[in-house]
Every structure is written in structure tokens, then in C-alpha cells.
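Engineer: Residue strings, one per chain:
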Amino acid sequence: MMKKSISFQLNKEMRTIDVSPNEGLLEMLRDRIGVKSPKCGCDRGDCGTCTVVIDGKTVRSCLVLAIEVDGSELTTLEGVMNQGQINPLQQMFLDKNVFQCGFCAPGMILSATELLEKHPHPTREQVQEGLAGNLCRCTGYTPIIDAVLEHGGCKGGCRE
Amino acid sequence: MAAAKGGAVSDELEKKIDFKVIGKSAVRVDGKAKISGAAQYINDLEFGPGLLFAEIVESPHAYARIKKIDTSKAEKVTGVVKVVSGKEFPFRFGLYMHDRYVFAQDHVRFVGEQVAAVIARTPAIAKKAARLVRVEYDVLEPVLDVEAALQDDAPLIHPELAKYQHVPWFFPKKNSNIAHFRKVRKGDMNDGFKSADFIFEDTYTVPRYAHCSIETHGAVGLFDHSRRLTVWAASQSPHTQRHLFAEALAPLGITHKDVRVIAPFVGGGFGGKAGVSMEILAAALATTVQGNPVKVMWSRAQEFYNTYQRQGVVAKMRVGVKKDGTITALEQKLHWDAGAYVEYGANVVNAAGLSATGPYRIPNVSIDSVCVYTNLPPGGPYRGFGYSEFIFGLESHLNEIAKKLQLDPVEFRLKNAIAEGDTLNYGGKMNPSGLQECIRKAAQEIEWGKKTVSSDPKKATGKGFALFWKAPAMPPNASSTAFLKFNEDGSLNVLVSAMEIGQGFLTVMAQIAGEVLGIPVEKIRVETPDTDRNPYEWQTVASHITWSTGNAVKKAAIDAREQIFDTVSRALGKDRDSLYLEDESVKSKREPAFGLKLRDFVINGIMMKDGTWRGGPIVARGMFMPEFASAISDPETSQGGKPNVHYTVGASAIEIEVDRETGKVRIPKVVLAVDCGKVLNPDLLKGQVTGGMVQGLATVLFEDMRFSDEGKLLNANFTDYKIPTAMDVPDEIVSIFVEHAQPDGPFGARGVGEHTMIPAAPIIANAIEDALGIRLKSMPITAERVALALLDRK
Numbered sequence: 001m002m003k004k005s006i007s008f009q010l011n012k013e014m015r016t017i018d019v020s021p022n023e024g025l026l027e028m029l030r031d032r033i034g035v036k037s038p039k040c041g042c043d044r045g046d047c048g049t050c051t052v053v054i055d056g057k058t059v060r061s062c063l064v065l066a067i068e069v070d071g072s073e074l075t076t077l078e079g080v081m082n083q084g085q086i087n088p089l090q091q092m093f094l095d096k097n098v099f100q101c102g103f104c105a106p107g108m109i110l111s112a113t114e115l116l117e118k119h120p121h122p123t124r125e126q127v128q129e130g131l132a133g134n135l136c137r138c139t140g141y142t143p144i145i146d147a148v149l150e151h152g153g154c155k156g157g158c159r160e
Numbered sequence: 001m002a003a004a005k006g007g008a009v010s011d012e013l014e015k016k017i018d019f020k021v022i023g024k025s026a027v028r029v030d031g032k033a034k035i036s037g038a039a040q041y042i043n044d045l046e047f048g049p050g051l052l053f054a055e056i057v058e059s060p061h062a063y064a065r066i067k068k069i070d071t072s073k074a075e076k077v078t079g080v081v082k083v084v085s086g087k088e089f090p091f092r093f094g095l096y097m098h099d100r101y102v103f104a105q106d107h108v109r110f111v112g113e114q115v116a117a118v119i120a121r122t123p124a125i126a127k128k129a130a131r132l133v134r135v136e137y138d139v140l141e142p143v144l145d146v147e148a149a150l151q152d153d154a155p156l157i158h159p160e161l162a163k164y165q166h167v168p169w170f171f172p173k174k175n176s177n178i179a180h181f182r183k184v185r186k187g188d189m190n191d192g193f194k195s196a197d198f199i200f201e202d203t204y205t206v207p208r209y210a211h212c213s214i215e216t217h218g219a220v221g222l223f224d225h226s227r228r229l230t231v232w233a234a235s236q237s238p239h240t241q242r243h244l245f246a247e248a249l250a251p252l253g254i255t256h257k258d259v260r261v262i263a264p265f266v267g268g269g270f271g272g273k274a275g276v277s278m279e280i281l282a283a284a285l286a287t288t289v290q291g292n293p294v295k296v297m298w299s300r301a302q303e304f305y306n307t308y309q310r311q312g313v314v315a316k317m318r319v320g321v322k323k324d325g326t327i328t329a330l331e332q333k334l335h336w337d338a339g340a341y342v343e344y345g346a347n348v349v350n351a352a353g354l355s356a357t358g359p360y361r362i363p364n365v366s367i368d369s370v371c372v373y374t375n376l377p378p379g380g381p382y383r384g385f386g387y388s389e390f391i392f393g394l395e396s397h398l399n400e401i402a403k404k405l406q407l408d409p410v411e412f413r414l415k416n417a418i419a420e421g422d423t424l425n426y427g428g429k430m431n432p433s434g435l436q437e438c439i440r441k442a443a444q445e446i447e448w449g450k451k452t453v454s455s456d457p458k459k460a461t462g463k464g465f466a467l468f469w470k471a472p473a474m475p476p477n478a479s480s481t482a483f484l485k486f487n488e489d490g491s492l493n494v495l496v497s498a499m500e501i502g503q504g505f506l507t508v509m510a511q512i513a514g515e516v517l518g519i520p521v522e523k524i525r526v527e528t529p530d531t532d533r534n535p536y537e538w539q540t541v542a543s544h545i546t547w548s549t550g551n552a553v554k555k556a557a558i559d560a561r562e563q564i565f566d567t568v569s570r571a572l573g574k575d576r577d578s579l580y581l582e583d584e585s586v587k588s589k590r591e592p593a594f595g596l597k598l599r600d601f602v603i604n605g606i607m608m609k610d611g612t613w614r615g616g617p618i619v620a621r622g623m624f625m626p627e628f629a630s631a632i633s634d635p636e637t638s639q640g641g642k643p644n645v646h647y648t649v650g651a652s653a654i655e656i657e658v659d660r661e662t663g664k665v666r667i668p669k670v671v672l673a674v675d676c677g678k679v680l681n682p683d684l685l686k687g688q689v690t691g692g693m694v695q696g697l698a699t700v701l702f703e704d705m706r707f708s709d710e711g712k713l714l715n716a717n718f719t720d721y722k723i724p725t726a727m728d729v730p731d732e733i734v735s736i737f738v739e740h741a742q743p744d745g746p747f748g749a750r751g752v753g754e755h756t757m758i759p760a761a762p763i764i765a766n767a768i769e770d771a772l773g774i775r776l777k778s779m780p781i782t783a784e785r786v787a788l789a790l791l792d793r794k
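Line by line, the protein sequences are chains A and B. 1 is the number of the first residue of the first sequence in the numbering used here; add one for each residue after it. 1 is the number of the first residue of the second sequence in the numbering used here; add one for each residue after it.
By construction, these hints were calculated from the structure, which means they are not laboratory data. It is possible that part of the hints are untrue.
To be verified - For lysine-lysine, the following BS3-like pairs were computed, each having C-alpha atoms within a straight-line distance of at most 27 angstroms: (1) K32(B) to K57(A); (2) K128(B) to K4(A); (3) K96(A) to K32(B); (4) K32(B) to K155(A); (5) K127(B) to K4(A); (6) K322(B) to K183(B); (7) K87(B) to K257(B); (8) K118(A) to K32(B); (9) K128(B) to K3(A); (10) K20(B) to K587(B); (11) K415(B) to K404(B); (12) K96(A) to K669(B); (13) K722(B) to K57(A); (14) K4(A) to K57(A); (15) K96(A) to K24(B); (16) K669(B) to K458(B); (17) K24(B) to K155(A); (18) K20(B) to K96(A); (19) K441(B) to K96(A); (20) K574(B) to K609(B); (21) K127(B) to K76(B); (22) K523(B) to K96(A); (23) K441(B) to K155(A).
Only chain B is shown next, with the shape it has when bound in the complex:
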């Protein structure tokens, strides 16, 4: 492990290098359930013969006024229990801004928006009756393009925008389609461009993308006769969902205490199952059929068009550089196609705006990150949270600049790479980071500078390089908590409410508790939560769970340890300071012969000579909130706040072979070097690198969301929206871990889940440029686009 520059190394890492559990590839605690079919997902839960099914009536128009909804025919169908529409739920809600509705009210704003629902005894009856609901619309001209939406005479998609409640760090512009405008100003742009020898300007575009979890969204709501609302959901955010359900349904007299969210295993999240999207339907519909559970399962098509989509962006940038490659100024104008509702997506725009310089030391910065309403499906969180989007343009552009300056793209990046202590865009200081080391190691692994030649004259070869960074985007007071409780045999239950979404969260929490308490992972149970039983967690997003919930679990384990020492010293008169935990026992540094198994006292305590007992069940708690964070800053410059808790950085490199006729790309090797602080479980981290890289490569090589001129998504299925199969993976994916400890992370760890997909698009764009001399400035870069570009050149 390398020591961090500036000496800010976590004490623990310095003191203890002989970890028993941390840093080892522990087998997943949920592994056996998942390979045996025992793991239960939302649609595997049983609700008995009373279960009802809801079918949603959807808008066929991108923008229209609802004139009339006639449900009378549907209500007459045998087996239909209830037909519900917007009039039952005239409430607005949302995560960061209240601009969303349970059902459309007077207007529909995207194709597929929920207008009404039929609740019936069987899915087939619900489907049949939903077709009988008649909705009359006044069709309006939709706004489908972000630049069109920004025109002065553009129709207003949310005329009441100024009335919407939102977090204090959003700046909507009234009488426009701008829901949020994040402005960053650092240094002096005039000086920055004046001191530059060259200014390079260009525009890059990134379309929308879909998460494509293999499990679609689903939720079951039950509003029982005691007016208790329970929702089972495929969820990344059980507590936030409970909070939003309680907030949205408060007019019905429902309070937080009445709402319970139970989250079984999740079949893939990637941001899509964060916040509240379709889950509100299960919660709201349940209140209309009291006493009966009601299920809402999204079809694959609905999964594409009515959850969250990754937002598209048009990025215009100007970069000032000196001849020697020093970047003097960066101007970015990011226009985000945020869709019909931005209650979550506006924070993607915000996060990207704060960080759109990438991991570079740039003294003069001007960033406008603009969240624009359009009549397309709602944008929202997707692994990378805005960073994948701006990094495509930025890293493509910087590569072009290096080429024009006749500088090596890797040397150019090394020269400008951010380091610990450098000033961030909003004024804070950069955290410990091994970025230089990541760059060097990635370059070495891909044999940067060594030109490969294909034996096939039809194939051209090239290499691409890019840097990445990302910080968790979250409210400054996003917090995590944990409970620990022992069982009679000394085994342990860890209760947390962050979600296992595949990343291995449960396993890493067991490792953290096990390390502190001297208990092997196999004797620790960590499961997915029930908000009634498990303590608070904000959401499983932002790559902040290992860090934040990890800190909470570590504190809870230390709390347990202190209770254990207290009991032992009180009952047996042992010197408290000499006690330590090892091999499921309490031991003493002073008395090597002493050893008391945890199982002998963690429930029943220790019996004294007179037959009385000391101690009792050990129940511990831990909480973590980053008390140093603040989202409040000058709206004109973003200076003054501490919106980001830390950045995780890295570098990625690729070698490709591209067919000069078909444009098809083959990938012999791709490398990703990342510094996420102390590696807690190498297997799981490698899983994040491999999976994230393939998901990222898919956005640039295959996936392509197509909308009709009327705003209808044309490829809402896996036949027409291609995600990779086992045939489409690179021959070799190399993970490199550089470990500069995060001072406030558990054992020195910081976040990494999203980062691994962020550099995938620009490494491909840069490798294609290297191979063919063609710069493609719009994603995706499919074989077809490459082939057409080659034809154009001829």
C-alpha cells in the first residue's frame, strides 16, 4: 500500500496491516441464496389469493391536455375491483423538487405517462379492462429537443414551475423550461483565455440511455384495515421511499409511522430503482382497495419508457492551453434534456455542473449546467450520475487538443492531473488521490506508445486513454445507521438499510463488523431491510454506501466491542485497557492464558459467585453523517459550500481493432486503474470494474435510444435496444487498484461503484480516432456510425 501524499493516512491503515477479513476476497454472504435460486425478488413473494393486479392506462401523446376520462365501461368488467385516475390523487411529490404526480392531472407530458389504473382480480382482466378506459385529449405540440425547449417562444412544459417546492441548492428560472441552473465560476476567464496560446472549441452530444436491469421494477402495496400501509418494492431506497410515500399521501392522513417498506433482493439497480418512480402507484393504489394487496409489475417496455432514463446532454466547450500543454481555462455549457419531470434528474445536472472540469487542475473555470424540461420520459439517476455524460466530451476534446499541440495524450493528462490539496471548482481542497499513479500504471499496462499492427489489412488498430473522477452526489446530511445484535452461539446479525443491488454491500458490511469484532464473515448475517426493523439509511446511490454505511457499521461494532469490554472488566475484574477481541473471544494482553468465548456471555451475561449475573444481550448502534458537508454556496459562482465529500479518481486505457469496412470494433484489452482507497474485498471490486466497464462500453458501441417525431420511444425491448451478451465482451479486462487511504473512510475506503463505467465512452472514441483518424463527437459510436464516417471521408 502506498502512503498518501501529505501524510493524511487513516490511522488504522498505518497501525494495522495484518487484517483478518478486510482486504480479503470473502465469499459473498448472499452467494448461496443467489446460486441456489433461494434468493427472493419482488415478483417471487407470495401474497395469497387476495392479491390484486393493476394495469396502467398510459398517455399515447408526448404533450396533451386531458379533456375527459371515461372509466364506466372498464368498471363494468367482471373481476374489476376499482378504476383510479388523477382525480383521486391531486398531489405533487418528488425527491429534490416536487414536480411529479401520482397520475397525470390536467396534462400529460410524455408518451407512456400514467393516466389511470385498473385494479382487477387477475392481470388478464386488468389488461382487458384498461383498454376500455376512454381518455379524450387536446393534443399539444411537444417539445422534444433541448435547444428548442430553451427558445424564448418555446411552450412552457411546467407553467407552475415557480410554485414548486425544491431543495435550496436548485435555481429554477420562472417562465422558462429551465428547472435548475447550476453556475460555477472560479478564477478569471478573461485572464485564463488571455494567458492561453490556443483556444479550442467544440460541441459533443450524448443521447439518452436505459439502465436495463434484468429485473424490471415492481411493487406491491397493502393498506390494511388498521390504515397501515406496507409496500414491498424492488428498491434502492427503502427509507426514502417510505418518506416520499408518507409525504405524498399525507392528505389521506397517513404518517411516517403508518408506512413500512420491505425490500427483498433487487435484480439490478444502476440508479434506476433509486428515489420513487413507479412505486408510488403501488402505495397510492393500495389506499383505494383497503385490505387487499395490489401488485404493479412493470413490463420490459414500461421499464424502458416509464422509470428514469439517463439524460441526454449537449456539451459546448472552450479550452485555453499554453504551448507546453498547461490548461489555463475551461468553459463548459451543458444543456441537459431532463425530460418531463426532473425531481431527481435536476440533481444529476447539479452534480455534473460542479465537477465538469474532470480531474484536472484548471485555475479559471466557467460552467453552466442547465436542466431543461422536454416532453420525453423523466430523466434521473443512472450509474455515473452525469459524469459519464460530460466525460465523453471532455476527454474526447482534451485528446484532440493534445494531438493538435503534438503532445502525447498521456503526458498532457499527467501534466494537468489534479492532486491532493489542489483547489476544486467550488473552492474546497482535493482529497488524497493516486491519480498520477493510476495514469502511469494504466499506460504501462496497455503499452502506451507501442503501435500494434493487425495482420489483417482490413483492420486498423488503435489505443485510447481517458481519466475519470466522481464524487457522491447527495444531500449534505445524507446519513447511515446500523444496529448489531448477537445470538447465543456468538454469531452476529448486522441490521442496515442500504441495499444489496449486486455490488456486494452485505458482504462488505459483514467484513467490517467481523474485522472489528474478531468474528469470521460466515458467522455474520446481513440481509436486505424492512424499514420497521432496520435503522435509517438515506439511499443506496452515489457510490457512498461502502464509505457511509461502512462507517456506521464500524462505529456500531466499536460500540459492541466497548460493551463487551465493559461486561468482562466489570464481571471478572479484568483491566479494561488490556482487553482485545480475536477468534470470537475476549483476550487480554496482560494475561495470555485468559480467553473468554463471545458465545459464553453475549446473550446471557456472566455469572458471579453469588449467582447473580452481569452484562446481558449486547445490542449496539452506529451512525454516520458527514457533518463537514454543505450544499449552500453563492448561486452565481458555487463558491463557498462543501457539496462533495470526496472524489474517487482513476485512468482507463484500451486497445481496439476496427474493421475498415464494417466499422465493427473488437477489444483485445481494456485497463482500468482506480484509487478507491483501501480495497475491502478485491473480488467484489474487480466485479465492479468488469461489470461497469462492459456496461459503459455498451453505451458507446451498441445502445441507442430512438424516439419518433412524436416523442414515442421506438426501441423499448432487448431486440431493438441491444445490450451486450457474453459474445460482446473484451478479450481481457485488467483491474489495477491504487490505495491512497480516505482519511474518513472505514479502514481507508472510498466509493467506487459507478466510476468504472465513466471512462468507457471516451476511451473508445479516442481509440477510434487513433486507429482511423476520425473524430466522432456524438454517442453512440456504433459500427454503423463508424462505417458511415469512413464512407464520408472517401
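Same shape as in the complex, but just chain A:
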């Protein structure tokens, strides 16, 4: 198959790479570029652990072809750090000991970030909905939901 050269911004850095038309984005990011925070948990869009941000929206990278991100802006967990330091949302997750095995964390943090951009002071239901695409088997979600709510300024959830 003919390879095609694509260019995109990855965590604020311009990248150019040759991709096959059938190459998946998750595969390209992990195996060819070496960005390992997006994980493969199901390879069919069910679990959300491969979540990345494309042009401001969270997307399951296992369902996207690499060729589709030509000209886009991509962010992975590696790109949400503040000059090598964790950001305030990450700090909240750290202080509250919310994650256990940590495998879902990269995707979950990106979904929580998007949710807080959309609803800076979310209700509990908004947080639950915002995180519903990211499966976690360890935590029972509650500590994650509570930490996002606290980050949003209202312990227990803001009112509409």
C-alpha cells in the first residue's frame, strides 16, 4: 500500500511521518512515535483507555486512522503537564489517592480535563456523564468523581 506523508501537531510539536492508509492512530502514536500514555485495553472503542485529544475533543485513538489526523492538533497526557510539572487537576488526583492500578488514568485525566473545560463547575451527573466513556475496574469511580467535583469548586457537586 502507498504510504502518505502527514503532518500534525503533537503536544505542541510539529511532526511529520509517513503512514499506511490502514494504520491506526493508537498504533502510530505508541509504536512509531513512542508516546506511551494512551493504552490499548480493548481495541474496539469500548474502554476509553486510548483516549487522546484531537482539535480540542477527546477521541478513542483505537478507532481513528493515523491518516485522519493530517493537519490536526493532538494532545496526549504527556502534553497536559506544566513545564515538566503536573497540573492542578493532576495534583488533586495525586493528593486524593484516586487511582489504583493507574492504567485508565491517562484517558480518564483527558476526559476529566475536557469535562472541566465544558463545565468548570460541574454537577455530579455532569461528571458521571463526562467520565462514562472511560472504564476503570479498580476504583469504583467514586474517588475520581469526587476529586473532579472538588477541583470544580463544589465538594459533592455544584448546582445547575
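With chain A held as given, fit chain B onto it using these hints.
Structural biologist: Chain B alone, transformed into the frame defined by chain A:
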């Protein structure tokens, strides 16, 4: 903290209540790695351009004889390096019983079983070539049901069962499908039932379940040109894997010294990554492509059908009770659908059999726990290890009995709850336990007895209650060890080989070492192991790591402390007995002005006036093995041994709202009260309660493994096998900790990781009965099942 009844309180807890680190919610030592994406899991490791990939050729049949395997076409594909099948590895292996094979030999025994493997330069080539491997089968009639497998004329799934090597506490029945029969007899059943006013009898069934770690299994093997075998694996059991690899591959001349297992972070375990399942493939395949690393990564579907599954069980029970609610006798017949290979699962059957009375004082007991081969995927360890399964039936049944006796279910449980010193099913004595307190606190928190009413007439409300208990299931000599070593700045490395599987193990070990040595957690590094560098650990299972490895780390820290005192007293002439550690310094009770920072001497020692040095690098070790345990007992009664080191007990209560039309359950509140002795880190413990409870609720409300009539798993994905999302959690989950110290635990702690999912199923079943008057005796209790039961009643 409450004092334990009978005075058996850990000295430490009595003497020292002003802990610096223990009992505090220390931030996880692996926290930053996990929230920054720095944490590496098996599939994140790099192996360079030489890495090969294996694709597995699987059995499409539940039971068949292999006639012929033709690999010639696959071998011709460009990029294929090797095609391997059972003929290269005619060896049996297993954890407790050697009944498993690297690849199927003459028979396949479940759909998805590994028959051959294609090793290629890329995953795509391996996949393509695997489809070209031709296997001819004689298809046999599979045995898919546990009761069918127990019939006299049932086909034998393992005709050579009698020849299999196994641990001395297993009792296989030759010429049958019974791989292990655990029999418990206590008291006199005739007396027990004679003295009862009523006998209640019923049958409850629990299907199979999947662990559903978000990270699938994966392993990479490298057999280098010096014949050294290294395996990187997503693992709960690095040392046990090393041992089993060495045992299984011994015919190739491989010894323990040649085998090394390196375990990176694990993306969820829950028992699924214990023992050896698919990891054997990476180890074995590596030996066929010497010099090249070879990766085997399970797909989500393989994760469902070819690791371990939680075994199904049919539980028949008879309970004798007096009018006043005193239980006089319990008979349990547990028939376990253990699947095609039971090398690990048979011990689940064993553990459940020893404890199938639940946490109750019952004088007359008869338990048959029977491990039955079927042509379904291998059963094995899953958080709860048999207890979740029998507790569903037992706690449902006891609730029905209370109702029939017109007794309050909580009062009925309080009356019969086991207490410290009561005789256990196998004859030993119950350890310190705050069960009564757990029951009262859980009942109070859920406002037991207060009926709630929904404002919506379509909704019915109900409350459910259940007790739970569990002991670690492990060989009596399962042991833990630890090394400690200092760095020049007084920071510390703790080397252990138990696994961080999310529970917070590394953090708690840092807390234990830090407490003894006066060092803050932030200055202690604890990482996942490499069996070449880290000392021995049996496995990270059984909720015994905090207790067992915690004891080893504490002993190692005490060893370090003694070396420190030795150096200081020798070099500076200080009275050894006056020395203590605080704020990263050695201090003296006699000389308040004296203080020597650890960083000033733990590597380089202390210089004397003549320029010579005393001391040197502090390197310490600790070991713990429960020398009081024994698995040997009378096979006809189980009396005489000490198979369990301790039980952790508790109570759980729930409030639900159920839709009378759709059967959908909403959970406003659920409570879990547990006595795991001294709480070492409240945040992490709360994490175990919340996560375990949601995982347990999922087994009863959502998850439902479906097999075809041919034994093929039909829902091997997250679309069809539903696990909870953030939308599906209870509105409120309350954790209550009761602390009766474990005398032989580190700072009084005992195990808790598995327990929190055990009562989830019966609290739901009992709450549904309370709300609707319907008793559902089979799991799962999905909305659909509730709705159908409501229709049936109309």
C-alpha cells in the same frame, strides 16, 4: 481504637499510639508516575527492532482429539520465523496440580485453547500466517454442565487424572471428573438436625465471571545466546512464575538460576494475573527463537476466554435452626464448574470448602466442596477466591430463614455471629474480630428497621444486609522477604517482590519501613520487582501481602535499626539501650542534645579520631513465614490442620430503589464495615472498599457470561459483557473501619483486599426480596431477571 476481646492486642498498638506514618493517608509512592503517564506497563516496554510477535492458533471446539496439525503453509509466509505446537513442549505443569500444558497435546478441552503459535516479524504477519495453520480434529461431545460432568457415564475429561502430581491437601477421585473433593465434618449432623425446630433447604447458583482488568495479559520472553531466560510479564506472581517456568521447561536444561522474571506495573489483577496462565507461552516460545525477544499480548477476547475465569457453583444447603434463631447445623454441597484445567482453581474449591459456614458459630457442620472438570475455560483465582460465590447462597438463605422465623435478619445474624475463640470448621480457634461491632455499625448507618418509601409509585424500596469473612488461601509455608538499603542522603530503598496491582502495596511498605526508621514516606523508594534483584515472595494474592510482606519489611527495618544502633554505640560509645530513631536521626533518651543524622553515616560510616572508620553501608533483611500453619488434616473431616492464618470479617448493608416495571435498581446508599485490624492507610483502605464494592455489585447487577451450546463464550467483549461505568455507581458508599488488632500482623494489621466485594451479591438479593417479596436464587440479578420475575408473579 477498640481493645480486642480476650486481651490479645498487639504490643505495639498498646505501647505506641502516636504513629508518625502508620494510620495516615500517605500519598501513594507510585502516584506521580501514574497520573503523569510515566508508569510503564508490559506493553509500554521497548525491546528494539529484533522483537518478534506471536499469534496463537486456538481450538474452535470445546472437546476434540487433535488428528493432525499442518503448519507448512504458515511457515512459507515471508516474515514468519517459526511455527510451534504441542509436539515441541510435551510437558505438564501447574501451581497446585500438574494438569495443564503449554500447548494442547492430543486433546483440546475448551474453546480458545492454545494449539499452536506463529512467531513472526510483525503482529500482522503472525495473524495472517496463523490463519494458514490447518488443524484436523475428531470432535467429541463436550461436558458443559457441572451436574452432567458428575454423572457416572460422563466422558472423562482427564482420563490420566490419577497420574497427576498435586499438593498433599488435594483429593482427586480417579475415573471421574472430580479433581478435588474437600470434605469438612464437625460435630454430629444427626444431633444438629434433631435439636433443630426447623430445617430449611434450598439451592443457589452462581455463574462464571471475568476479572476485566483494563490491561489485558501480556508477556515478553527472551532466551539469549547464553541460555538465560528472561520474561517480562504483567504479573501478580513473579517468583512463582519463575519457579513454574523453571519446572515446566526443566527438560530443556533450564534451571531456576537461568530464569528471571521482571514485572513492570500491572494494569489491574484481581487474581487474574496470579499463577501462570498465558505467560508460559512467552517463556516457552522464547526458547524456540533463541536470541530474539518474543511478545505475546492477549486481545480483549482472549482475556475473557483464555486466562482464568471465576468458577461457577451450584450450592445446595440445609440449615437446622431453633425457634429462637440459634443455628444448630449446616450442610453445604458445593459443586464447582472448574473448567478444563484446575491447577489453580482446585484451591479455590478447597478454600471455600473450609469456610462455607460463613462467619457463624455453628456446632454441627457438613461441607462437600467438589471441584469438577468441565469443557469450559479454566477456572481460577478471582478476588474473593470462592467466598463471594458461597456467600451469595448462604446469606440469601439465612435471610429467608430469619424471615420465616419472623426474626429480624440483623438480630438473627448477631445471635449466631462468630466471635474470638469460637471453634472454626476445621478445629482451630477464631482470631480477634470485631464482627458484632461491624454488624451494629453497618445497621445503624443504613438505618436498619426504618422503612423508606419512594415518592414515585413505580418504585419500590428495600434494604439488604449480609455478613462476610475470608481467610488467605495459600500454602502453609507461603513466605515473604524484604531487603532494605540506604542511600548517601539517608533515603531508603525497600526491595520486595510482592506486586503493586493498584491496592497501594508499595506505599504501605514504605509506611511500615518509615515508621520503624523515622523516615518520611517521600524519602523511601519501593518499586515493582525483578526476581534477580529482589528477594523471594510467594504471590500477591489471598489478601495476605500487607500482613505477610508487611511483617517481612518491618523485620528488615528492625534489622536496619539494630545495625544503626550498633554502629553508633560502637563508634561513639553511646549506651545502646538509650538510642532511638526520629526525624531521620539517631537520638538518645539520656542525652537530649545528641542527634546524628542518618545521612551522616548510613553509607560511609563514622570516622574515629585516628582516621579509621566504623560501620559502613546499612543493608538489612527480613523474612516472614507463618510457622504455625499446616495444610495436613484428616481427609474425611478436615480436622487437625491449621490451614488458615486468620479471618477478616465484616458486615454490609444497602438501600435500593427498584423500578417495578423495568426491574432497574438504583442504589442511594451502601455501607461496608470491616475489621481488618489496624488501618495502615485510610485512603487506600477506603479505595479497596469502594472499588471492591462496585466490582461486587457488577457481578450481581450487570455481568453475565454466556456460552453457546457448543461451549463457546458468546460475549467476550465490553459491549456485550457489561462492566460498570461512572454512571453506574451508588450515590453514596460508606466505609466503616473497626480495629481489633491482629496479634501477628504488622502494627496489628490483617488482610482486606478481596473482602470488600464478597457481600455485594447477597445484599442486593436480600434488598430486592425486601422491596418486592421476590427471592432470586441465581446470579446475576439483572434488571431483566427482576422484571421477568415480576411478570411471572402476575
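Engineer: Each hint should be assessed against the structure and marked as holding or not.
Structural biologist: Hints versus structure:
Simply put, K32(B) and K57(A) have alpha-carbon atoms about 25 angstroms apart, close enough for the 27 angstroms limit, and the pair holds. Using a Cα cut-off of 27 angstroms, the hinted pair K128(B) and K4(A) holds, with the two alpha carbons roughly 24 angstroms apart. Of the supplied pair hints, the one linking K96(A) and K32(B) holds, its CA atoms being roughly 12 angstroms apart against a limit of 27 angstroms. In summary, the hint linking K32(B) to K155(A) is supported, as the alpha carbons are separated by about 23 angstroms, within the 27 angstroms threshold.
Straight-line distance between C-alpha atoms of K127(B) and K4(A) comes to about 24 angstroms, which keeps the hinted pair within the 27 angstroms bound. The straight-line distance between the Cα atoms of K322(B) and K183(B) is roughly 26 angstroms, inside the 27 angstroms bound, and the hint therefore holds. Between the alpha carbons of K87(B) and K257(B) the distance comes to roughly 26 angstroms, so the proposed pair stays at or under 27 angstroms and holds. With a C-alpha separation of about 26 angstroms, the suggested pair K118(A) and K32(B) falls inside the 27 angstroms cut-off, and the hint holds.
The straight-line distance between the Cα atoms of K128(B) and K3(A) is roughly 21 angstroms, inside the 27 angstroms bound, and the hint therefore holds. For the proposed pair K20(B) and K587(B), the alpha carbon gap of about 16 angstroms is at most 27 angstroms, so the pair holds. Annotation: proposed proximity of K415(B) to K404(B) holds, straight-line Cα distance about 16 angstroms (limit 27 angstroms). Between the alpha carbons of K96(A) and K669(B) the distance comes to roughly 22 angstroms, so the proposed pair stays at or under 27 angstroms and holds.
Straight-line distance between C-alpha atoms of K722(B) and K57(A) comes to about 25 angstroms, which keeps the hinted pair within the 27 angstroms bound. At roughly 24 angstroms between alpha-carbon atoms, K4(A) and K57(A) fall within 27 angstroms of each other, so this suggested pair holds. About 13 angstroms separates the Cα atoms of K96(A) and K24(B), which keeps this hinted pair within 27 angstroms; it holds. Annotation: proposed proximity of K669(B) to K458(B) holds, straight-line Cα distance about 19 angstroms (limit 27 angstroms).
For the hint pairing K24(B) with K155(A), the CA-to-CA distance comes to about 22 angstroms; that is within 27 angstroms, so the pair holds. For the hint linking K20(B) to K96(A), the alpha-carbon distance of about 19 angstroms falls within 27 angstroms, and the restraint holds. Annotation: proposed proximity of K441(B) to K96(A) holds, straight-line Cα distance about 26 angstroms (limit 27 angstroms). For the given pair, K574(B) sits about 16 angstroms from K609(B) by alpha-carbon distance, which is consistent with the 27 angstroms threshold.
Of the supplied pair hints, the one linking K127(B) and K76(B) holds, its CA atoms being roughly 14 angstroms apart against a limit of 27 angstroms. Straight-line distance between C-alpha atoms of K523(B) and K96(A) comes to about 20 angstroms, which keeps the hinted pair within the 27 angstroms bound. Between K441(B) and K155(A) the CA atoms are separated by roughly 26 angstroms; this keeps the pair inside 27 angstroms, and the hint holds.
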